[in-house]
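What follows is the residue order along each chain.
2 protein chains.
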Amino acid sequence: MSDAKHEDTEMDINLDREALTSLCHKVLTRHGFSESNVEAMSDALVAAEMDGCRSHGLYRLMGFVATLNNGGVVPDAVPVVEDTAPSVVKVDAKGGFSSLAFQQGVPELLSKARANGIAILAINHCVHGTALWVEIERLTREGLVAIACNPTQSYMAPYGGSQPLLGTNPIAFGWPRGDGNPYVFDFATSAIARGDIELHRRQGDEIPLGWGVDRDGTPSQDPAEVLDHGAMLPFGEHKGSALAIMIELIAGPLIGDMLSIESSEHDQGKGSLPYHGEMIIAMDPARLTGGSPQQHMLRSERLFDLVKQQGARLSSERRYQARQKHLEEGVTLSRALYDDILELAS
Amino acid sequence: MSDAKHEDTEMDINLDREALTSLCHKVLTRHGFSESNVEAMSDALVAAEMDGCRSHGLYRLMGFVATLNNGGVVPDAVPVVEDTAPSVVKVDAKGGFSSLAFQQGVPELLSKARANGIAILAINHCVHGTALWVEIERLTREGLVAIACNPTQSYMAPYGGSQPLLGTNPIAFGWPRGDGNPYVFDFATSAIARGDIELHRRQGDEIPLGWGVDRDGTPSQDPAEVLDHGAMLPFGEHKGSALAIMIELIAGPLIGDMLSIESSEHDQGKGSLPYHGEMIIAMDPARLTGGSPQQHMLRSERLFDLVKQQGARLSSERRYQARQKHLEEGVTLSRALYDDILELAS
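Sequence order for the protein chains is L and P.
Going by our numbering, the first sequence opens with residue -7, and the numbers climb by one from there.
Going by our numbering, the second sequence opens with residue -7, and the numbers climb by one from there.
Excised from the complex, chain L in its bound form (with noise of 0.2 angstroms):
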């Protein structure tokens, strides 16, 4: 790593949105994924990269990669729409990649939570290795208020607990602002996300009490050990265990799919992306407000104004100006990295 390092500085590679599209196809498609799905799969991790949230941008390939080649994707798979009732829409992914499953499950949920004012979209057997929040923002676009999650593999415990039991279950949200950029936020209800623990291990470095334990419950600085034997921790205490715990339950048992733990059973120890479900909901504000749903929305713009005034921040804002800068000036890959994915591509 340290040489990869040291060739950063001096051979970054340059790229436009549209290179990296490229990019994404060509290794994708190398692979044998169908064209509907490396067009899916490579709208999602360019959306990350232009945000500058590398850990599922790019650097995503080699995961994906390696989970074809341990059979945990199906490259052609070809999501199922079902209509199972008027403000429900089930996508069976088929053992694919859950980004095409979700493109081809939206405009069913658009029509439905216009028609009825609240539906979900609920995605069944897939493999998830993309961000939520670029499918959270396909939906403000819309004008909709949305929410997703789902579980991961059983990497944390519950609070007062030591075991791995739950997933790091990320929570997504997202709000329209008119023509500006959607209040986003994409949270794992863990302490930290697991790709900061690795990043850790990785580089040496101890993690923060608070962020795991080791194999006997102890609150533990090493990253290796909570990885490999211990467990991580949920954010919050009691109440981010809750939200974990809500989470396994409504994007797995209540849309007839797996918890963490049988996510992790399935994999077998192959270390594969998590294959399970995934569910988000969709709600109309001009079915919900009332009457005037605009003017109601344009509330918000009020709370928002007093976020900043007082020096916090807006989630999601440091995600936009990456966005902007990105689409101005491109992004930089370290030359490691573009080798790595030069490599797959070959």
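Source of the hints: derived by calculation from the structure; they are not laboratory data.
Do not take every clue at face value.
Any copy, or any two copies together, can satisfy a pair, since identical chains are not distinguished.
Unchecked claim - For lysine to any residue, the following SDA-like pairs were computed, each having C-alpha atoms within a straight-line distance of at most 25 angstroms:
#, residue 1, residue 2
1, Lys262, Thr21
2, Lys300, His230
3, Lys86, Gly283
4, Lys300, Arg327
These figures come from a predicted structure and were not determined experimentally.
Chain L is already provided as a structure; the job is to place chain P on it using the hints.
Chain P only, in chain L's frame:
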């Protein structure tokens, strides 16, 4: 207070469920609340008292009457149920307490959730003073999964800020478990409930760091400073803060109702119970699992078992233990509280 405490130990009063209900009826009727409002409010107060949640139990009668005397609630409000979309029930509480509005909206909420898979109950223009979990349990008894939330008043700073802006915005969730008690949680998105800080003030105790800041935004352990001049803080840093903002938005502008700061302005410093909206989402497993709902819902039992096996606590278990105990032995009210209530009734 110390005198009252002394009396408590000498002449506590034991009342069973029926006696508690009759006491509530007497007080509320005496102050002019209409029969249907009296019944709905009493049910909610007695449920909280039976569950050992004193802050939302009969103690609240004082707040109800004070709010009435301030002109902050309509005692004979007749809620109006509106059908604005196939998966939406809107109930205009017409300035009354939320309990009756909730009860009136339930039949339509049940039928819409069962028909469409997911439905939303938006209560507008209500005064709020009762626990959300009581409403959640009404829905889990029907086999539905439910989420409820509401703003309050601007007591809390967003993470990274120092001025009161957000409410303590509770969120509650319920998951039916066949004939057993449901999995339910109900918590404020503040680090601690406002009532707990008030209790510290009354007892002359310091509060722990992390609960609030003083007027300059500096972390404070002085409960009076935090309550009267500073601000409460969210749980779980930026994540809890983001959730509190989500609740402001979806239980405020999205349903055409007030933000916490608007509710505070509406109160004009009178200290009434807060006037705002409330939103409840109900989901029907039978329409979401995609076949074999009972089998899928049972997957959750493994999760609950594994939480308990590692010594972690499931939310609500303490409440169910209290309920069982109080059903068998009755509830003990302090003499001071009982005397205060009797005075209200005379």
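A quick look at each hint next to the structure:
1. Lys262 x Thr21: within (23 angstroms within a copy, 66 angstroms between copies)
2. Lys300 x His230: Cα proximity of Lys300 and His230: across copies only (14 angstroms, versus 29 angstroms in one copy).
3. Lys86 x Gly283: For Lys86 and Gly283, only the inter-copy Cα distance (17 angstroms) is at most 25 angstroms; the intra-copy one is 41 angstroms.
4. Lys300 x Arg327: Close neither inside one copy (37 angstroms) nor across copies (48 angstroms); limit 25 angstroms.
The structure shown violates just one earlier hint, number 4.
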